[in-house]
Amino acid sequence: DAGVIQSPRHEVTEMGQEVTLRCKPISGHDYLFWYRQTMMRGLELLIYFNNNVPIDDSGMPEDRFSAKMPNASFSTLKIQPSEPRDSAVYFCASSTSGRSTDTQYFGPGTRLTVL
Amino acid sequence: AQSVSQHNHHVILSEAASLELGCNYSYGGTVNLFWYVQYPGQHLQLLLKYFSGDPLFKGIKGFEAEFIKSKFSFNLRKPSVQWSDTAEYFCAVKLGAAGNKLTFGGGTRVLVKP
Chain A
147 DAGVIQSPRH EVTEMGQEVT LRCKPISGHD YLFWYRQTMM RGLELLIYFN NNVPIDDSGM
207 PEDRFSAKMP NASFSTLKIQ PSEPRDSAVY FCASSTSGRS TDTQYFGPGT RLTVL
Chain B
28 AQSVSQHNHH VILSEAASLE LGCNYSYGGT VNLFWYVQYP GQHLQLLLKY FSGDPLFKGI
88 KGFEAEFIKS KFSFNLRKPS VQWSDTAEYF CAVKLGAAGN KLTFGGGTRV LVKP
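Protein chains in written order, with my numbering: chain A, 147 to 261; chain B, 28 to 141.
Bound-form chain B, shown alone (with noise of 0.2 Å):
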């Protein structure tokens, strides 16, 4: 069965320090591939998404991410981090052309340390 993986499940650091976030998915296709962030007592929201184009790309937020087809990775960035950075972030997979089912990974719960 495809399924989507991020690496940490936890990860703190200071305000200033870089961020990166791991992710991978199983799946040969086409896929389109999702970062969602959820703030402390807040719903979802949309952080970058990717499906075709150069495979490093920005997001909002100061966000960015690398999609590495060769090895199924979609990571997330972020050069200097604040303590509003401090959130669970989920990255998510839509699987084939048509695909408009989401699959999420496990999250990724992100504390930063003012």
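So that you can see chain A by itself, here it is in the shape it has in the complex (with noise of 0.2 Å):
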């Protein structure tokens, strides 16, 4: 299994662009979950989805992101226009399903700059 992919690695952009952040989950996963890791909040759960539906996004900071999940192995993290602040690591992980037992797999992060 290749595990939860994701894509870039690495981005370096500057203020005002557009920001597209990639997610593939683990095949068969039906629950796929957008973090944000900062040195200052930590790590943050911004966004959930249940079969390609988004269920909890009440921890996006605000307009300016915004995520869709057009297929069950496809997701993307948007973020028009970015903000400096808006560096961070960003995960994704999925799961098998929403129950609380279950394992949430991470993804290697997508290291966001903006300067």
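No lab work stands behind these hints, which were simulated from the structure alone. The beta carbon of each residue, even a glycine, is placed where N, CA and C say it ideally should be. Treat each hint with caution, since some may be false.
As the list claims (entries may be wrong) - Subject to a maximum C-alpha distance of 16 Å in a straight line, what follows is the list of computed EDC-like cross-link-like pairs (lysine to aspartate or glutamate):
#1 B/Lys128 <-> A/Glu190
#2 B/Lys128 <-> A/Asp202
#3 B/Lys96 <-> B/Asp81
#4 B/Lys128 <-> A/Glu157
#5 B/Lys98 <-> B/Asp112
#6 A/Lys224 <-> A/Asp176
#7 A/Lys224 <-> A/Glu164
#8 B/Lys140 <-> B/Glu42
#9 B/Lys105 <-> B/Glu47
#10 B/Lys105 <-> B/Glu93
#11 B/Lys128 <-> A/Asp176
#12 B/Lys140 <-> B/Glu115
#13 B/Lys105 <-> B/Glu42
#14 B/Lys128 <-> A/Asp248
#15 B/Lys76 <-> B/Glu93
#16 B/Lys88 <-> B/Asp112
#17 A/Lys224 <-> A/Asp203
#18 B/Lys76 <-> A/Glu229
Stated by the list, open to error - Just a sample of chain A residues kept apart from chain B, beta carbon distances all over 10 Å, derived:
#19 Glu157
#20 Gly162
#21 Phe179
#22 Asp202
#23 Leu261
Each of the two chains sits in its own frame; use the hints to bring them together as a complex.
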């Protein structure tokens, strides 16, 4: 199994530019999660999907952030326009179901730097 | 609001020393508890998880954890660390019997000196 795949691994962009982060969950997993990791705030859940449907987006910082999951094997997190404070590592994770005992499997992350 | 807190931000110790990392959560109901490890430059990996049974239990790589419900704590231990245990360790909690959102602690960076 390839695990959760994220691309790109590193992204450097300038303030005001649009950024799109991509995630491919583990095949057969029905839940997909987007997290952000910063020194100041640690790991925060941004949004999660069940069967491609967004269930809880209460962690999305503001309207500049949007996430989609057009099919079971692909999700995007978009920031438009990007700002320096968006610099962070963004992780995608997936799990087989929504049971509270299920393990979430994390991808390698995308390190975003906004200049 | 529910929260998860880890007592130490940084821990430095020598090889063969014992390690104990504290984690507390603030939630009075059912919880499922996880410890994740993030080695330098790598993604988070599950170290162990607990949802029922013996409150003192073992995970992978020689780690063990103890769940003390009365103290709302879930501490991670390793009797003898190795240099390869240098990593950041995250405690995480899912709240409620049907919870599927992980709430993470702030992490503890552990540096093991050879």
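Quiz item: Are the Cα atoms of A/Lys224 and A/Asp203 separated by 16 Å or less?
Solution: Cα-Cα ~13 Å, so holds.
Quiz item: Can the restraint linking B/Lys98 and B/Asp112 be considered satisfied, given a maximum Cα separation of 16 Å?
Solution: violated, 27 Å
Practice problem: With 10 Å as the threshold, tell me whether A/Leu261 passes as away from chain B on beta-carbon distances. | Solution: holds, 22 Å
Exercise. Take a quick look at whether B/Lys128 and A/Asp176 sit within 16 Å of each other, Cα to Cα.
Key: holds, 14 Å
Quiz item: Does the structure keep B/Lys105 and B/Glu47 at a Cα separation of 16 Å or less?
Solution: Satisfied, since the Cα-Cα distance of roughly 7 Å is no more than 16 Å.
Practice problem: Mind checking the alpha carbons of B/Lys76 and A/Glu229 for me, to see if they're no more than 16 Å apart? | Solution: It is violated: about 36 Å lies between the C-alpha atoms, which goes past 16 Å.
Quiz item: Are A/Lys224 and A/Asp176 close enough, with their CA atoms no more than 16 Å apart?
Solution: violated, 21 Å
Practice problem: Compare the distance between the alpha carbons of B/Lys105 and B/Glu93 with 16 Å, and conclude whether the hinted pair is satisfied. | Solution: holds, 11 Å
Exercise. Please settle this one: A/Gly162 was flagged as non-interface, so is its CB more than 10 Å from every CB on chain B?
Key: For A/Gly162, whose nearest Cβ neighbour in chain B is about 29 Å away, the distance exceeds 10 Å, so it holds.
Quiz item: Between B/Lys105 and B/Glu42, is the straight-line Cα distance small enough, at 16 Å or below?
Solution: Distance ~11 Å between B/Lys105 and B/Glu42 Cα, so the pair holds.
Exercise. For the pair we were handed, B/Lys128 and A/Glu157, check the Cα-Cα distance against 16 Å.
Key: violated, 27 Å
Self-check item: Exclusion check [A/Asp202 not at the chain B interface, CB over 10 Å]
Solution: violated, 7 Å
Going down the numbered hints, you'll see the structure goes against 4, 5, 6, 18, 21 and 22, while the others check out.
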